[in-house]
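*Asks:* For the sequence shown, my numbering gives the first residue as 122, with consecutive numbering after it.
FYI, nobody ran anything at the bench for these hints, they're computed from the structure.
Cβ coordinates follow ideal geometry from the N, Cα and C atoms, glycine included.
Certain hints may be false.
[Unchecked claim] Here are the simulated distance ranges between beta carbons:
id	residue 1	residue 2	range
1	ALA439	LEU503	52 to 60 Å
2	GLU215	ALA165	51 to 59 Å
3	THR298	SER261	48 to 56 Å
4	ARG206	LEU467	46 to 54 Å
5	ASN434	TRP335	49 to 57 Å
6	ALA418	VAL590	31 to 39 Å
[Unchecked claim] Quick list of in silico lysine-lysine cross-link-like pairs, DSS-like style, CA-CA up to 25 Å:
id	residue 1	residue 2
7	LYS355	LYS379
8	LYS359	LYS379
9	LYS379	LYS392
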Amino acid sequence: MEDPLASIREQTARVVALEAENAALRAENAALMKTVRALTERVAELERALGSGGRGGQGTPPPTRPPSKRPRGGQPGHRGRRRARPEHIDQTREHPIEASCPRCGGAVSLSEKVTERFEFEAIERTLQIIRHVLHRGWCSHCKRRVKARAPFALPDSDYGPRAHATLAAVRATMGGTVGDLETFTCGVWQWPMSGGQIVAMLDRTAAALAPTYWWLVEQATHEPVLYEDSTSWKYDGKRAVMWVFTTPRLTIYWIDPKGTGLVPRSVLGPKIDGSVVTDEAERFQYVEHGGDQHCLAHPLREARDLLAAHPENPEIEAMMVPLRDHLSWMIGLYARHGELAASTWLEYRARARRELLRLAEQPWTDPDCMRMAKRIGREVDLWVTFLWDTTGEMEPTDNRSERALRPAVIDRDRVQQNRSLSGVYRDEILRSVAKTCQQLDVSFETVAVEALLARTRDGPSETPPPTLVRAFQAARARSAHAAKPTHIAARS
Numbered sequence: 122m123e124d125p126l127a128s129i130r131e132q133t134a135r136v137v138a139l140e141a142e143n144a145a146l147r148a149e150n151a152a153l154m155k156t157v158r159a160l161t162e163r164v165a166e167l168e169r170a171l172g173s174g175g176r177g178g179q180g181t182p183p184p185t186r187p188p189s190k191r192p193r194g195g196q197p198g199h200r201g202r203r204r205a206r207p208e209h210i211d212q213t214r215e216h217p218i219e220a221s222c223p224r225c226g227g228a229v230s231l232s233e234k235v236t237e238r239f240e241f242e243a244i245e246r247t248l249q250i251i252r253h254v255l256h257r258g259w260c261s262h263c264k265r266r267v268k269a270r271a272p273f274a275l276p277d278s279d280y281g282p283r284a285h286a287t288l289a290a291v292r293a294t295m296g297g298t299v300g301d302l303e304t305f306t307c308g309v310w311q312w313p314m315s316g317g318q319i320v321a322m323l324d325r326t327a328a329a330l331a332p333t334y335w336w337l338v339e340q341a342t343h344e345p346v347l348y349e350d351s352t353s354w355k356y357d358g359k360r361a362v363m364w365v366f367t368t369p370r371l372t373i374y375w376i377d378p379k380g381t382g383l384v385p386r387s388v389l390g391p392k393i394d395g396s397v398v399t400d401e402a403e404r405f406q407y408v409e410h411g412g413d414q415h416c417l418a419h420p421l422r423e424a425r426d427l428l429a430a431h432p433e434n435p436e437i438e439a440m441m442v443p444l445r446d447h448l449s450w451m452i453g454l455y456a457r458h459g460e461l462a463a464s465t466w467l468e469y470r471a472r473a474r475r476e477l478l479r480l481a482e483q484p485w486t487d488p489d490c491m492r493m494a495k496r497i498g499r500e501v502d503l504w505v506t507f508l509w510d511t512t513g514e515m516e517p518t519d520n521r522s523e524r525a526l527r528p529a530v531i532d533r534d535r536v537q538q539n540r541s542l543s544g545v546y547r548d549e550i551l552r553s554v555a556k557t558c559q560q561l562d563v564s565f566e567t568v569a570v571e572a573l574l575a576r577t578r579d580g581p582s583e584t585p586p587p588t589l590v591r592a593f594q595a596a597r598a599r600s601a602h603a604a605k606p607t608h609i610a611a612r613s
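Sequences are here, hints too, so could you generate the full structure?
*Replies:* Here it is, written out as structure tokens:
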């Protein structure tokens with residue numbers, strides 16, 4: 122006989138199992154919900170940190186410049202300026218008008234008037250591959266084969282002079298490393314090149330420009346005023362010194378691996394025709410020259426530093442405030458010379474020296490004031506030399522040479538050092554010629570191409586590129602024409 126309670130017991134067991142399963146699922150769900158809440162809070166925290174508002178960085182709009190109330194373009198009373206129409210146009214694209222109006226769809230009648238728009242676009246690939254077909258023949262006179270020459274191709278390289286000049290320009294003007302040049306050739310030229318190929322091209326360009334470099338050195342010895350400065354450098358992990366000699370028309374860099382103070386004499390020779398502007402360092406004592414002007418920015422900076430370091434010292438204030446103001450006034454005289462009458466200039470010249478000596482003769486007791494007074498008495502004639510200059514090129518500060526060194530300092534922080542003497546030699550040549558071209562407003566690539574094409578079997582041409590020579594001579598002629606009036610007599 123069947124048990125009437127069997128089905129009830131079976132259903133009861135099933136209910137118990139389902140309740141246990143439900144409890145387990147509820148516990149699992151609670152754990153998952155806890156994890157979801159923790160992750161949601163973490164996401165919200167990260168979004169707040171990013172300031173994105175949960176919409177991919179677009180929740181908070183970027184700050185916008187408040188609109189100006191002035192009209193666009195040149196303002197009333199000012200001359201308007203716009204980009205000049207390009208003289209050279211590489212290609213022209215015609216864009217015919219549609220037959221129907223893009224706004225209303227009506228019929229459009231053609232007009233003879235057109236509108237020009239100029240677009241400056243980079244080309245996809247700047248390195249061209251040129252195929253030279255060199256015809257050959259036979260000379261019946263000398264019984265030899267004759268082959269035509271490619272006039273604008275380099276005989277010792279598969280790369281043309283313009284490619285050499287471009288890499289040299291990136292190296293000399295932008296401080297590009299060999300790795301940067303590899304990236305440039307691969308990305309811009311779309312032609313991968315090895316570091317060895319690039320270094321060989323740079324060396325070839327520097328060798329072609331070596332006579333130009335020494336021509337610049339020769340011209341520097343005849344310049345009326347020469348500015349000089351130096352900074353630290355590294356060569357093969359050792360400390361070296363980079364020197365710069367610059368004028369308004371040329372710049373010469375020299376890297377001295379030994380770090381000696383005889384560089385001016387070894388580079389420029391025992392004598393130069395003009396005067397020198399230095400940062401007060403005794404570097405031209407072995408070079409005969411016209412005169413010395415010490416940079417006024419150095420004592421001016423020292424006076425300001427002493428005022429900032431001792432604000433409560435009345436004696437420091439009594440000396441450094443008038444010294445600061447007087448040096449600032451002297452520096453400003455250089456720019457005002459063309460506006461002043463001859464008698465006013467002579468009066469200011471006497472006043473500049475007289476006020477400095479008056480400060481130095483005061484009975485100072487503070488050690489800093491006494492040191493500055495001795496310095497003024499020792500160097501006063503070297504601080505006012507520019508006031509007797511008749512060339513118009515002697516400035517009261519050494520800022521010109523410091524600006525010439527600035528790009529090299531930036532490159533030094535990136536490149537760190539030259540690894541070999543050949544790299545030292547290459548860099549000083551490329552930097553010097555490139556900087557000089559910039560001063561003369563001449564294309565460095567054009568000058569480098571002329572030097573590369575002028576090479577012969579015996580080596581580079583001893584004559585500098587004519588483009589550079591003409592620009593330098595024109596700049597020197599303009600400088601001679603704009604020289605200061607001769608009413609400034611030489612100091613006895």
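*Asks:* For every hint, state whether the structure bears it out.
*Replies:* Right, here's what the structure says about each hint:
Checked against the given bound of 52 to 60 Å, the beta carbons of ALA439 and LEU503, roughly 25 Å apart, lie outside it. Distance hint check: the CB atoms of GLU215 and ALA165 are about 56 Å apart, consistent with the given range 51 to 59 Å. The hinted window of 48 to 56 Å between THR298 and SER261 holds, with their beta carbons roughly 54 Å apart. Against the hinted window of 46 to 54 Å, the Cβ-Cβ separation of ARG206 and LEU467 comes to about 50 Å, which satisfies the hint.
Here the CB-CB span from ASN434 to TRP335 is close to 53 Å, well matched to the stated 49 to 57 Å. For ALA418 and VAL590, the Cβ-Cβ distance of about 34 Å falls inside the hinted range of 31 to 39 Å, so the restraint holds. Note on LYS355 and LYS379: the hinted pairing holds, with a Cα-Cα distance of about 10 Å set against a maximum of 25 Å. With a C-alpha separation of about 9 Å, the suggested pairing of LYS359 with LYS379 holds against the 25 Å cut-off.
For the hint pairing LYS379 with LYS392, the CA-to-CA distance comes to about 23 Å; that is within 25 Å, so the pair holds.
Consistency with the previously given hints fails for number 1 only.
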